[in-house]
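Engineer: The chain contents come next:
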Amino acid sequence: MQTEREADFTLDLRGESCPYPVIYTLETLEGMNKGELLQVITDCPGSFRNVPEEAKAHGYTFAQEPVQNGQEYLFYIYA
Amino acid sequence: MKTIVQSLFTRYWNPYVVLLIAGILSALYFGLTSKVWAVTGEFTRLGGDILLLFGVDISGWQYFDMVHLKGTTWNRPDGWIVWGMFIGALIMVLFSNSFKIRLPKQKRRYVQGLVGGIIAGFGARLALGCNLAAFFTGVPQFSFHSWIFIVATGIGTYFGAKLTKTRWWKGKPSITRGAGKPSAVKKRVIQPYVGGAIALVYTGLIIYFFASGQKFLGLGALFGLFFGILIERGQICFTSAFRDLFLVGRSVMAKAIIVGMAVSSICTIIVISIYDLTPITQIAAMSTFVGGVLFGVGIVMASGCETGMMYRLMEGQVLFLPVFIGNIAGATFLAYAWDHLGVYNVLVKGGAKINLLDSIGPIGAITATLAMLGVLYALTVYREKRYHQKLAIKRGANVHAN
Numbered sequence: 004m005q006t007e008r009e010a011d012f013t014l015d016l017r018g019e020s021c022p023y024p025v026i027y028t029l030e031t032l033e034g035m036n037k038g039e040l041l042q043v044i045t046d047c048p049g050s051f052r053n054v055p056e057e058a059k060a061h062g063y064t065f066a067q068e069p070v071q072n073g074q075e076y077l078f079y080i081y082a
Numbered sequence: 323m324k325t326i327v328q329s330l331f332t333r334y335w336n337p338y339v340v341l342l343i344a345g346i347l348s349a350l351y352f353g354l355t356s357k358v359w360a361v362t363g364e365f366t367r368l369g370g371d372i373l374l375l376f377g378v379d380i381s382g383w384q385y386f387d388m389v390h391l392k393g394t395t396w397n398r399p400d401g402w403i404v405w406g407m408f409i410g411a412l413i414m415v416l417f418s419n420s421f422k423i424r425l426p427k428q429k430r431r432y433v434q435g436l437v438g439g440i441i442a443g444f445g446a447r448l449a450l451g452c453n454l455a456a457f458f459t460g461v462p463q464f465s466f467h468s469w470i471f472i473v474a475t476g477i478g479t480y481f482g483a484k485l486t487k488t489r490w491w492k493g494k495p496s497i498t499r500g501a502g503k504p505s506a507v508k509k510r511v512i513q514p515y516v517g518g519a520i521a522l523v524y525t526g527l528i529i530y531f532f533a534s535g536q537k538f539l540g541l542g543a544l545f546g547l548f549f550g551i552l553i554e555r556g557q558i559c560f561t562s563a564f565r566d567l568f569l570v571g572r573s574v575m576a577k578a579i580i581v582g583m584a585v586s587s588i589c590t591i592i593v594i595s596i597y598d599l600t601p602i603t604q605i606a607a608m609s610t611f612v613g614g615v616l617f618g619v620g621i622v623m624a625s626g627c628e629t630g631m632m633y634r635l636m637e638g639q640v641l642f643l644p645v646f647i648g649n650i651a652g653a654t655f656l657a658y659a660w661d662h663l664g665v666y667n668v669l670v671k672g673g674a675k676i677n678l679l680d681s682i683g684p685i686g687a688i689t690a691t692l693a694m695l696g697v698l699y700a701l702t703v704y705r706e707k708r709y710h711q712k713l714a715i716k717r718g719a720n721v722h723a724n
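Just so you know, the sequences run in chain order C and W. Take the first sequence: its position 76, counting from 1, is numbered 79 in this note's numbering, and each next residue is one higher. Take the second sequence: its position 104, counting from 1, is numbered 426 in this note's numbering, and each next residue is one higher.
The hints are simulated quantities; they were obtained by calculation from the structure and are not laboratory data. Where is the CB? At the ideal position from N, CA and C, for every residue including glycine.
In silico lysine-lysine, PhoX-like type, Cα no more than 20 Å apart, as pairs:
1. K59/C - K716/W
2. K494/W - K484/W
3. K707/W - K59/C
4. K675/W - K357/W
5. K503/W - K422/W
6. K37/C - K716/W
7. K707/W - K577/W
8. K357/W - K537/W
9. K492/W - K427/W
10. K59/C - K712/W
11. K484/W - K712/W
12. K357/W - K392/W
Now the in silico label distances, taken between C-beta atoms and shown as ranges:
13. G62/C - S496/W: 23 to 29 Å
14. N72/C - S381/W: 51 to 57 Å
15. H662/W - N36/C: 58 to 64 Å
16. E39/C - N336/W: 31 to 37 Å
Using the sequences and the accompanying hints, generate a full structural model.
Structural biologist: Set out below in structure tokens:
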């Protein structure tokens with residue numbers, strides 16, 4: 004699955020440890036307009052699991068599957 | 323076969339499975355050595371070692387007598403539990419090619435880590451155990467102090483989570499318009515080879531311990547390795563168990579820990595009855611409660627407890643260096659305060675060692691423990707449900723306002 008669309012915003016969380024990646028992701032999504040696309044770049048291993056799971060639990064949808072990029076992950080989430 | 327092995331080392335494992343195995347292994351370790359899986363006692367001894375290195379006379383400190391400060395960390399089984407955990411976690415990190423120096427962008431995190439680490443180290447030792455000896459391995463020993471500790475840690479974590487949510491504490495993330503650039507990926511993968519080399523050397527060391535008759539050092543080194551592998555692969559985070567329930571209504575880790583403790587309790591009572599062992603009981607007193615609250619606040623401030631800190635440091639998360647230093651400093655300060663500042667007289671003296679096996683018998687002890695864990699599980703589920711109910715109501719209100 005590849006999105007044609009470019010992200011509207013990028014949340015760069017590299018270097019942040021848990022729980023901040025989850026908190027920041029949810030807060031950023033909450034502040035965006037519905038339908039806008041957020042790109043999340045994160046490198047805290049704990050967040051590889053809790054960011055996508057919590058984004059889904061909070062009712063957000065993913066534009067595509069998470070992308071592993073070396074020691075970091077990229078998430079594409081619709082607000 | 324190759325793909326199974328590969329996914330074993332590149333994917334994280336299910337936390338339920340990991341904590342189930344950890345629960346069984348810790349009961350087994352107790353059966354073999356009459357010791358429990360614990361780390362902060364050794365942190366206190368490390369603090370003592372450092373004080374001795376600087377020529378401080380600690381011969382009169384009661385706390386160091388109590389935790390049996392003898393020899394060096396290299397000839398203490400508890401020492402090898404700690405180093406084994408570090409090494410096991412590191413090997414897994416390297417096998418999965420996930421080591422990376424991760425520097426916090428916000429400088430405040432270093433201060434938060436150090437201060438939180440000190441408070442958590444102090445609190446854990448005041449209560450005589452961290453999330454292991456007073457929690458995950460304390461409950462299965464039927465030591466009542468762990469019951470107090472769990473409640474107190476829950477309360478501390480609640481306030482810690484409140485603090486985490488404040489603007490000045492959490493800081494601001496970097497948000498930019500448009501698509502940002504991910505990091506460039508190195509083509510050459512060398513980490514698994516380094517991991518393999520470390521694994522070989524460490525295996526040699528364990529064999530040496532057993533071959534030279536140092537059975538307990540060998541068992542410490544072996545089980546430390548297992549525990550390190552498990553906590554890294556399962557990304558086991560005791561801090562998040564309570565905290566994330568309060569922060570974002572996340573319950574996976576709490577549930578997995580409770581299930582792990584239930585299984586471990588059953589295994590331990592079997593081990594105790596077969597080998598006729600004496601369970602390890604710590605004093606339940608005011609200090610357990612105060613220590614538990616401090617520990618709960620501290621681990622949330624530091625973003626990790628004494629166990630979670632270990633594998634995160636091995637992943638290259640630099641934040642956990644001040645946390646580790648803080649943990650040892652806090653534990654050492656408690657050892658000083660114990661008799662020099664009257665902590666023992668004020669908070670500990672009035673307590674008693676209470677073990678459920680002695681007070682209500684084996685059937686009563688296991689029934690009460692499983693019932694307590696059941697209540698804990700129900701509370702966790704309730705809390706998660708309530709969070710999402712509130713969220714739904716909030717969302718509904720927003721739609722109306724728009």
